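Peer 1: The primary structure of each chain is shown beneath.
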Amino acid sequence: MKKVIQVALGLITGIGGFLEIGSVTTSAQAGAAFGFQLIWALLLGMLCLIFMLEMSGRFSAVSQHTVVEALRDRFGFGFFSIVLTGVAVVVFLVLIAELGGVALALKIASGAGVPLWAFPVAFLAWLLLWKGNLQLIENLASILGLITICFAVAVYRLQPQWEAVSSGAIPSLPTSNKAHYWFLAVSILGASVSPYLIYFYSAGAVEEKWDESYLGANRIISGIGTAFGALLAVAVLMVAAMVLHPRGIEVENFEQMAQMMTTPFPRWGVALFAISLAITCFGAAMEIALSISYMFGQGLGWNSSEEARPADEARFSTVYTVILAGATLPLLVGVDPIKVTTISMALTAATLPLAIVPFLVLMNDSNYLHDKTNGLVSNTVVVMISTIACLLAIVAIPLQVFGGG
Amino acid sequence: MNIVRDVLDKKLIDCENREVGRVDGALLEFANGSQPKMVQLEIGGEILAARVGTWLVPLVRWLASAWGPRRERIVAISWSHVTRVEKDLHLDIRADDTQALAWEHWLSEKFVSRIPGGK
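Note that the protein sequences, when read in sequence, are chains Z and V.
Residue numbers for the first sequence follow the working numbering, beginning at 638 and rising by one.
Residue numbers for the second sequence follow the working numbering, beginning at 16 and rising by one.
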């Protein structure tokens, strides 16, 4: 019974977990600028994330260690510190973007600007981490996150031409604006395949004491949960493609993005969009702050569990406190969350190999996984997609920044 | 036993199943005419810094003197306390009997416990 509940909750987490400021913004931008043409990028990102989450759950269930712990064990502190620093810096940028996303949503509701909301939002996230435990945080974020199903309802109401949609599932070259097209493809991949998700998922598996009997549950949670989440991101892209694209609206700010929901839901569209974004970004912000704490704690051998009281794990709780406080600073001085999102998603894609190569080495190490090491298919899929993401990033980021295409 | 593979960077677990820290360094003794002998395991930011680059050591040393708990610069745990070498190293002492948790206690006392709900 416990497993059934865990699987159910895991599925819901997947739905809410995929959608956050990165995937919503990049999907909306892609739909507005290129119609259905970039759906393939979301599907590719989804496929890669499914494989990586399955691996990280399997790793922890079999080895009883988190991925971060094993990275230090296996590669030593020197290399570990490079991976830790690289991933932490990029993920910190994503945290700024998520907190900004909640603040943007509240701005629509209240009229008060992002700088005013940044601190209360971060404080509430901190309070939940300080007083709550992992289960509470995951369940709260995932059950409230069900509201994002409104994007699927929006697609249903807009009655898309499914032929055009399915042709977007196959990569094709754009007729114009090539640099922007590839940059968006990279950002979508970066938004889908965040390394912190691997670390968070594996930390969760250890906190919930998974063993090899959870391998089946793991497959269902990582596979179906992620697929549901990704399909909701596809729904966001489709709504933008059907509402914004024909009118030639390019998404540059949050208000434009929210407009896309007013056609399927004339009265509630903007509110639904704002609430969806606020909840998913808030959940993601808590997960990221926790992930960074886990990364330091597990890597340096501190007691690090979200279950204990803060004073018993002072170093662990200090990290998320400082990180959350630090992430509000840029927002307080007026940095634009949408800009941070765009930059951090592209950077995530560019730095993917840094996180994924050592992860794959672990996944093929029988010292940890015995007879449950990776098969040929999972190795190939993850290597190929992360290589594509990284190469595209190296080409597309300079093109986007310096113009051209 | 392979020191780099089986000992270095492994997690140290005390006799009450609490985490002590990680093996940041290990000290070997080379006596004349005998096999090298493992003397102690070491924990400390300074050792970690040295493993990344020696240029970092003065910085860490300065930070530690300006801030944080007063403790030995390097926490040493005698090899004789190691009872089992598995994925983690198990010790027969309590973490609190060493100075490994000095930072934890210091932060807890000076910062975390003073925030409502911390305790």
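Incorrect hints may appear among the rest.
As the list claims (entries may be wrong) - DSS-like, lysine-lysine: derived pairs with alpha carbons at most 27 Å apart:
| id | chain 1 | residue 1 | chain 2 | residue 2 |
| --- | --- | --- | --- | --- |
| 1 | Z | K1009 | V | K25 |
| 2 | V | K52 | Z | K1009 |
| 3 | Z | K640 | Z | K815 |
| 4 | V | K52 | V | K125 |
| 5 | Z | K846 | V | K52 |
| 6 | Z | K640 | Z | K976 |
| 7 | V | K125 | Z | K768 |
| 8 | Z | K768 | V | K25 |
To be verified - Which chain V residues stay away from chain Z? Per the calculated CB distances, all over 12 Å, these:
| id | residue |
| --- | --- |
| 9 | A46 |
| 10 | G48 |
| 11 | P51 |
| 12 | R86 |
| 13 | E87 |
| 14 | A91 |
| 15 | T98 |
| 16 | D103 |
| 17 | A110 |
| 18 | D112 |
| 19 | W118 |
| 20 | L122 |
| 21 | S123 |
| 22 | K125 |
None of these hints come from the bench; they were simulated from the model.
In this text the structure is predicted, and so the values were computed from the model without any measurement.
C-beta: ideal position from N, C-alpha, C; glycine also.
Peer 1: Hints first: check each against the structure and report whether it holds.
Peer 2: Checked hints:
Proximity of K1009 of chain Z to K25 of chain V is assessed by CA-CA distance (about 22 Å); at most 27 Å being required, the pair is judged to hold. Our distance criterion of 27 Å between C-alpha atoms is broken by K52 of chain V and K1009 of chain Z, whose separation comes to about 37 Å. With a CA separation close to 47 Å, the supplied pair K640 of chain Z and K815 of chain Z exceeds the 27 Å bound. The hinted pair formed by K52 of chain V and K125 of chain V fails the criterion: a straight-line CA distance of about 40 Å is larger than 27 Å.
Annotation: proposed proximity of K846 of chain Z to K52 of chain V is violated, straight-line Cα distance about 37 Å (limit 27 Å). The hinted pair formed by K640 of chain Z and K976 of chain Z fails the criterion: a straight-line CA distance of about 41 Å is larger than 27 Å. Proximity of K125 of chain V to K768 of chain Z is assessed by CA-CA distance (about 19 Å); at most 27 Å being required, the pair is judged to hold. Taking the CA atoms of K768 of chain Z and K25 of chain V, the gap is about 31 Å. The hint is violated against a cut of 27 Å.
With a minimum CB-CB distance of about 27 Å to chain Z, A46 of chain V clears the 12 Å threshold, and the non-interface call stands. With 12 Å as the threshold on Cβ separation, the claim that G48 of chain V sits away from chain Z holds: the shortest Cβ distance comes to roughly 31 Å. For P51 of chain V, the condition that its CB be more than 12 Å from all CB atoms of chain Z holds, with the nearest at approximately 20 Å. Chain Z leaves R86 of chain V outside its interface by the beta-carbon criterion, the shortest separation being 14 Å against a cut-off of 12 Å.
E87 of chain V, annotated as away from the interface, keeps every beta carbon of chain Z farther than 12 Å; the closest lies near 17 Å. Under the 12 Å C-beta cut-off, the non-interface status given to A91 of chain V relative to chain Z holds; the minimum distance is some 16 Å. Listed as outside the interface, T98 of chain V is consistent with that label: its C-beta sits roughly 18 Å from the nearest C-beta of chain Z, beyond the 12 Å cut-off. With a closest Cβ-Cβ approach of about 9 Å to chain Z, D103 of chain V is found to fall inside the 12 Å limit, against its non-interface label.
Not every C-beta of chain Z lies more than 12 Å from that of A110 of chain V, the closest at about 9 Å, which undercuts listing it as non-interface. The beta carbon of D112 of chain V is kept farther than 12 Å from every beta carbon of chain Z, the shortest such distance being approximately 16 Å. Annotated as non-interface, W118 of chain V brings its C-beta within 12 Å of a C-beta of chain Z; the closest such distance is 6 Å. Interface exclusion of L122 of chain V from chain Z breaks down, the closest Cβ pair being 4 Å apart, not more than 12 Å.
The non-interface label for S123 of chain V is inconsistent with chain Z: the shortest C-beta to C-beta separation is roughly 4 Å, within 12 Å. The claim that K125 of chain V is not at the interface with chain Z is violated, since a C-beta of that chain comes within 12 Å of its own (minimum 9 Å).
Going down the numbered hints, you'll see the structure goes against 2, 3, 4, 5, 6, 8, 16, 17, 19, 20, 21, 22, while the others check out.
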